[in-house]
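J.: Protein sequences, first through last, are from chains A and B.
For the first sequence, numbering that gives the first Met the number 0 gives the first residue as 0, with consecutive numbering after it.
For the second sequence, numbering that gives the first Met the number 0 gives the first residue as 0, with consecutive numbering after it.
Source of the hints: derived by calculation from the structure; they are not laboratory data.
If you're wondering where the values come from, they're calculated on a predicted model, not measured in any experiment.
It is possible that part of the hints are untrue.
Straight-line distance between alpha carbons at most 25 Å, and here's what the computed DSS-like set of lysine-lysine pairs gives [claimed, not checked]:
{"hint": "1", "chain 1": "B", "residue 1": "K32", "chain 2": "A", "residue 2": "K282"}
{"hint": "2", "chain 1": "B", "residue 1": "K32", "chain 2": "B", "residue 2": "K241"}
{"hint": "3", "chain 1": "B", "residue 1": "K190", "chain 2": "B", "residue 2": "K50"}
{"hint": "4", "chain 1": "A", "residue 1": "K391", "chain 2": "B", "residue 2": "K241"}
{"hint": "5", "chain 1": "A", "residue 1": "K47", "chain 2": "B", "residue 2": "K219"}
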Amino acid sequence: MSNIRTRNLNDQNLDELIALCPFNAIEKDAQSGLAINAGCRMCRICLKRKPDVFYLAEAAPAPRINKQEWQGLAVYVEQQDGCIHPVSLELIGKAREMAAKTGQQVFCLLACEKSADLPEQILAYGVDKVFVYERPELRHFRIEPFTAVFADFINRVKPSGVLVGGTSIGRSLAPRVAARFKTGLTADCTILDINASTDIDQIRPAYGGNIMAHIQTPNHRPQFATVRYKIFNAPEKTAPWGTVEFCRINAADLKSAIEVLEIRPKEKVRSVEDAEVIVVAGKGIKKEADLKMIYELSDALGAMTAGTRPLIEQGWFDPRLQIGLSGRTVKPALIITCGVSGSVQFAAGMQGADHIIAINNDPGAAIFSLAHYAIVGDLYQVVPSLLEKIRKGGALV
Amino acid sequence: MKILVCIKQVPDSTRVDIDPETMTLKRGGVDSKINPFDLFAIETAVKLKEKHNAQVCSISMGPPQTEAAIRETYMLGVDEGILLSDRNFAGADVLATAYALSQGILSTGLPDLIICGRQTTDGDTGQVGPEIAEFLNIPHVAYVRNIVSSDEKGMVLEMDMPETIEVVRINFPFLMTVEKGIFQPRLPSFKRRLASKDRPVRRLTLADMPDSQPENYGLKGSPTQVIRIFPPASPTTHEIWKDAPEVLADKIYSKLSELKFL
Chain A
0 MSNIRTRNLN DQNLDELIAL CPFNAIEKDA QSGLAINAGC RMCRICLKRK
50 PDVFYLAEAA PAPRINKQEW QGLAVYVEQQ DGCIHPVSLE LIGKAREMAA
100 KTGQQVFCLL ACEKSADLPE QILAYGVDKV FVYERPELRH FRIEPFTAVF
150 ADFINRVKPS GVLVGGTSIG RSLAPRVAAR FKTGLTADCT ILDINASTDI
200 DQIRPAYGGN IMAHIQTPNH RPQFATVRYK IFNAPEKTAP WGTVEFCRIN
250 AADLKSAIEV LEIRPKEKVR SVEDAEVIVV AGKGIKKEAD LKMIYELSDA
300 LGAMTAGTRP LIEQGWFDPR LQIGLSGRTV KPALIITCGV SGSVQFAAGM
350 QGADHIIAIN NDPGAAIFSL AHYAIVGDLY QVVPSLLEKI RKGGALV
Chain B
0 MKILVCIKQV PDSTRVDIDP ETMTLKRGGV DSKINPFDLF AIETAVKLKE
50 KHNAQVCSIS MGPPQTEAAI RETYMLGVDE GILLSDRNFA GADVLATAYA
100 LSQGILSTGL PDLIICGRQT TDGDTGQVGP EIAEFLNIPH VAYVRNIVSS
150 DEKGMVLEMD MPETIEVVRI NFPFLMTVEK GIFQPRLPSF KRRLASKDRP
200 VRRLTLADMP DSQPENYGLK GSPTQVIRIF PPASPTTHEI WKDAPEVLAD
250 KIYSKLSELK FL
């Protein structure tokens with residue numbers, strides 16, 4: 000229930016007050032005059048605009064959990080066919096950073112059919128302990144056995160926070176486990192930090208629009224967060240000091256209603272996440288044929304060409320070439336955006352780039368607030384001119 | 000066969016600005032629509048209904064005006080709809096939303112199949128579907144991009160993974176989240192609109208839930224708390240170049256050379 004309350008309603012125009020809420024969550028109420036309905040999303044607009052009327056009721060003190068019982072930061076290490084997904088290493092780096100601040104340990108969970116040398120590989124990134132579950136049932140990802148293993152790990156280790164890669168698997172597994180422990184999950188965090196009471200500051204873009212939300216899970220443990228690939232940096236390898244524990248689990252807990260019939264590779268396209276230089280085409284490209292100059296620019300720079308959501312929806316690009324939160328997150332050395340307006344969804348997928356050059360004819364484009372070099376100009380003139388210069392430059396050398 | 004589709008009513012536009020003084024959301028219109036990703040879930044359900052003579056029900060949680068979204072699902076071929084609406088449900092995060100929906104589903108009887116879209120366009124988390132499945136203690140399959148076959152017992156599905164396509168067989172009951180592109184959503188039909196004009200939307204409140212403890216719902220039942228919202232940060236290096244196209248091209252060329260990309 001929303002804890003926004005009303006007072007001093009006597010001299011107020013109720014309709015004006017009702018109109019304050021962008022979510023239509025304020026309604027007339029026979030008893031109290033006004034009431035907040037289920038539409039309330041706690042945006043607090045009403046509190047800011049009419050503080051004399053709307054106020055925040057003191058929440059009843061929630062049952063306090065004993066945070067001392069939940070120690071350490073855990074990382075779910077995702078592996079496929081004996082290869083560790085690089086996002087797991089990035090999360091180990093972030094977990095170590097946070098653990099150092101609070102004097103906690105870093106644990107890893109590895110669930111697989113055969114672990115081989117994976118535990119040693121993980122320890123080389125400076126992890127205190129790797130918990131390994133080796134079972135034939137864990138050969139392919141299926142939700143029930145992996146959730147059971149994850150839950151067993153949490154009951155065994157009682158970590159304060161759990162980081163999971165925002166991959167197809169992580170985004171299916173993390174919510175399931177979080178729900179089992181009736182705890183909070185913050186998806187697709189772009190910034191993580193920790194405070195002295197081991198509460199994790201989780202920051203993520205929200206509202207598909209232009210805002211960032213700072214989220215905490217103050218009264219529940221463990222705190223779950225997922226993070227997309229290439230948001231953080233993998234740590235340097237180090238002389239290992241950690242240990243490995245092989246864990247047992249009952250076969251009965253690993254039953255699944257799902258039978259994997261076949262796994263076939265998709266046709267190989269070079270992954271845009273691995274590109275050093277990326278040229279992105281946005282809505283400013285008027286027709287598909289105009290992509291030719293974008294591809295030419297890519298060729299000149301040895302870059303990959305990618306697109307924004309509208310162009311993917313037009314069918315001009317393979318969906319794997321979509322940059323943005325609902326596509327791929329990239330962290331290239333250089334990204335050049337052509338006719339991209341720069342929604343938060345897009346920005347979240349590329350703001351880690353070392354150099355951002357944005358070409359757009361709208362001086363007010365959101366991308367410009369993010370770009371290191373904001374080029375206010377018509378891409379239909381700037382790009383051909385740039386190509387011309389590159390051709391000439393190449394001829395001169 | 001009983002199929003349930005979970006839907007959400009979202010703002011018509013995802014454009015959100017922040018008032019720099021009050022640091023709160025600034026939004027113009029109040030228009031809303033069915034979350035576009037849910038249209039694929041609805042279409043999948045209706046396609047299965049046509050094949051298996053199934054009964055399709057839509058469910059949503061939200062303020063009373065969410066009824067409009069449920070009515071819209073009737074125009075797309077859904078047979079009945081349930082709206083969870085209660086002041087106690089307000090301010091729910093992923094966990095509290097999934098819990099309320101799962102309780103609503105339990106109160107009406109577990110269907111054979113639950114279908115969700117891949118994510119919403121406002122929250123963008125894509126995490127509510129798997130949490131509902133957990134609360135209902137049924138398996139789930141995410142990222143479904145194709146139904147290979149379906150019968151009275153279960154389905155064979157193709158999951159869209161980053162590098163691979165996984166084909167799985169799963170028996171009812173289960174929950175799946177579908178990708179856009181699984182089917183082309185149909186347009187609302189005027190004929191169905193007339194036919195469903197008097198069809199009720201079943202309203203459920205906290206009192207109808209098997210668990211009617213208010214502290215498990217809405218803001219109180221939400222482990223995550225939004226501390227604050229703020230506009231995204233701008234980078235430190237920030238140059239704006241306004242010039243004739245040739246001059247701009249020259250400057251970009253020089254910068255690319257300087258940074259050793261050319």
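J.: The structure should be examined with respect to each hint, and the outcome stated for every one.
T.: Here's how the hints hold up against the structure:
1. For the proposed pair K32 of chain B and K282 of chain A, the alpha carbon gap of about 23 Å is at most 25 Å, so the pair holds.
2. Our distance criterion of 25 Å between C-alpha atoms is broken by K32 of chain B and K241 of chain B, whose separation comes to about 39 Å.
3. The straight-line distance between the Cα atoms of K190 of chain B and K50 of chain B is roughly 21 Å, inside the 25 Å bound, and the hint therefore holds.
4. Annotation: proposed proximity of K391 of chain A to K241 of chain B holds, straight-line Cα distance about 23 Å (limit 25 Å).
5. In summary, the hint linking K47 of chain A to K219 of chain B is supported, as the alpha carbons are separated by about 22 Å, within the 25 Å threshold.
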